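Peer 1: Which chain is which? The protein sequence lines are A and B, in order.
Just add 210 to the spot in the first sequence (first one is 1) and you have the numbering used here.
Just add 350 to the spot in the second sequence (first one is 1) and you have the numbering used here.
Hint data in this document are derived by calculation from the structure and do not stem from the laboratory.
Just so we're clear, the structure is a prediction, and the values are computed from it rather than from any experiment.
Virtual Cβ for every residue (Gly too), placed ideally from N, Cα, C.
Heads up, some of the hints might be wrong.
To be verified - What the simulated footprint calls covered on chain A by chain B, stretch by stretch (three residues with Cβ under 8 angstroms from a Cβ of chain B suffice, anywhere in the stretch; the number is not a length):
1. 215 to 225
2. 272 to 286
3. 301 to 313
4. 411 to 420
What the hints assert, rightly or not - Derived PhoX-like pairs: lysine-lysine, alpha-carbon spacing no greater than 20 angstroms straight-line:
5. B/Lys479 to A/Lys467
6. A/Lys306 to B/Lys627
7. B/Lys567 to B/Lys479
8. A/Lys412 to A/Lys441
9. B/Lys663 to A/Lys465
10. A/Lys306 to A/Lys217
11. B/Lys537 to B/Lys417
12. B/Lys679 to A/Lys481
13. A/Lys375 to A/Lys408
14. A/Lys465 to A/Lys217
15. B/Lys553 to A/Lys480
16. B/Lys663 to A/Lys481
17. B/Lys537 to A/Lys467
18. A/Lys481 to A/Lys465
19. A/Lys414 to A/Lys441
20. B/Lys537 to A/Lys375
21. A/Lys408 to A/Lys437
22. B/Lys553 to B/Lys401
23. B/Lys537 to A/Lys465
24. A/Lys480 to B/Lys537
25. A/Lys480 to B/Lys482
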Amino acid sequence: MMEKSLKIVVLAKQVPDTRNVGKDAMKADGTVNRAALPAIFNPEDLNALELALVLKDMAAGSEVTVLTMGPPRAADILRDSMYRGADSGILLTDRKFAGSDTLATSYALSRALAKINPDVIVAGRQAIDGDTAQVGPQVAEKLNIPQVTYAEEIINLTDSSITIKRRLEHGFEVVESPFPLVVTVNASAPNCRSQHAKRVMKYKHAKTPSELQALNSDYITTASGNKDYLKIQEWSVADVDANDVELGLVGSPTKVKTIENVVFQAKDSKKLSSSDADINELMVELISSHTLG
Amino acid sequence: MNNIIVYCELENGIVADVSLELLTKGRELANTLGCKLEALVIGSNLSGIEKDLALHGADTIWVADNKELAPFRTLPHTSITCGLFEQEKPQIALFGATSIGRDLAPRVSSALHSGLTADCTSLVIGNHKDNKSGTEYTNLLYQIRPAFGGNIIATIINPDHRPQMATVREGVMKRELAATPGLGEVKVLDYSKFVNDTDLVVKIIERQIEDRKINIKGSPVIVAGGYGVGSKENFKLLAELAEVLGGEVGASRAAVDAGFSDHARQIGQTGTTVRPKLYIACGISGQIQHTAGMDESSMIISINTDPDAPINKLADYAITGDVMSVVSKMIKYYKQNSK
């Protein structure tokens, strides 16, 4: 029986939607028009949020905090998380983070996590803008705690351990780990619950201090000024006691030497219709050229 | 010292294909650099494992053999790998971009503060000049990988930290026996020196691994479906065409994400790279994420309702029409004409 309540942190990232690089997102020269890509909640981080909310449902009194590192506009995904069931959000933002590779990012996140001291850290397996799947395990190593990657389902929860089913290439594994730990969640895990209308009403005025500053003072006092749950925390490098030399470009062992845009080279293709005659002729051609058979 | 180490993972007690592919690439890089190629195998009951590794070019084979080390668990494998790297100081370390390699390599890179590039599609030795400091570097590992949904190709380097670490997916590099076998000298790693009790806190309760039945990499014909196929049910018709033509079914990432097909069948940058004689792309729009894994196919047929789908630029034959109807006709007319 689970009697303990858990402090749960979800690591989430706002990413450009690289999955839908449609025709309008390509420039005339065949390169990507980044400005045309919408910023979205990284898909597997939503699976991670759901898993965290399931944990909260299983362990009464638990709290789910979403932590994101990014520019000020990343506060959008923190509000989105609250609409879906998260209790609070923290935005880790500082110009000194710019240019961080996965290792510098995991360092920054691990400093913030050390301040929170959670029982369970849940993250998406990977973010679609890089597909590296590195930050989860790198954070676990920096905090010197176990990791369970590719999680799909919570099988059991006790006061001292969590049992998780994890997806592998050709099967699955069920593992049991003590707390604290890092869990990374696979896309095959359940989708995140939707935004809840009542929660949207409750949290729509949740703002970071910088967002409040940009608004007029009436708004601050009337809408969100004196309610604690509407305050999205904003942490800088100094707030998490991080070392500058381990951050940003300086703190990143990997450097980008060159970037090449991929441009489609058109082939001379033969156009066919879906008529019986066309398909029949094609199959005859493939057989006689020994491409088939 | 300063050699290349390939972490060799095991599948049912034998060395995984991806690791042998990495040894083949590692051998080539070691020849360019004039250093040794070393293999690291961590598992249980490993006697005789060195033979295949030597044939693929390994000069030294580091073996950690203990019942606690199989199946793979993150923490003990991390401790041994980090311990060996600290002792041997390799200049390059390569891992498969598998559920094991993608779990282990970032952990190791974090512990050693060395850079790691995921899912490289090409590894080349080259030089670099840092324009700011003017420092010149020779013989760095260029880690070349797609990024940003595959729309850019980035060359990543780790100028100042060692080892230079990279992961590579299965099927991306070619696997070949070395022209001259490696020395194959076995060096045993002392389990108790590297692993302590806190590394064993995560327990494996249950494990079910299926034998690999799917071999899309080696199939001469691939019938691949994208999101445009519409459903898992519709994929059955693709399977029928594949069976009739003596091929396998493949899928785009969008189709796999939507649950129409298994990840084992995924083709593209985050799946397998294939080079079949014939590739039939059904309802696949042709994002670079996908085409990077199939554009070396000898012949490409595209079936799409959109006559301007990007995939048509790669296709030898571009059929405009409904996937289900065209695939049915292909089955029918192949059967009629092949007799």
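Peer 1: All hints, please: hold or fail.
Peer 2: Now the hints, each set against the structure:
no.	hint	verdict
1	215 to 225	violated (count 0)
2	272 to 286	violated (count 0)
3	301 to 313	holds (count 3)
4	411 to 420	violated (count 0)
5	B/Lys479 to A/Lys467	10 angstroms, holds
6	A/Lys306 to B/Lys627	51 angstroms, violated
7	B/Lys567 to B/Lys479	38 angstroms, violated
8	A/Lys412 to A/Lys441	12 angstroms, holds
9	B/Lys663 to A/Lys465	33 angstroms, violated
10	A/Lys306 to A/Lys217	28 angstroms, violated
11	B/Lys537 to B/Lys417	18 angstroms, holds
12	B/Lys679 to A/Lys481	17 angstroms, holds
13	A/Lys375 to A/Lys408	33 angstroms, violated
14	A/Lys465 to A/Lys217	36 angstroms, violated
15	B/Lys553 to A/Lys480	57 angstroms, violated
16	B/Lys663 to A/Lys481	11 angstroms, holds
17	B/Lys537 to A/Lys467	37 angstroms, violated
18	A/Lys481 to A/Lys465	44 angstroms, violated
19	A/Lys414 to A/Lys441	11 angstroms, holds
20	B/Lys537 to A/Lys375	36 angstroms, violated
21	A/Lys408 to A/Lys437	17 angstroms, holds
22	B/Lys553 to B/Lys401	31 angstroms, violated
23	B/Lys537 to A/Lys465	34 angstroms, violated
24	A/Lys480 to B/Lys537	58 angstroms, violated
25	A/Lys480 to B/Lys482	51 angstroms, violated
Going down the numbered hints, you'll see the structure goes against 1, 2, 4, 6, 7, 9, 10, 13, 14, 15, 17, 18, 20, 22, 23, 24 and 25, while the others check out.
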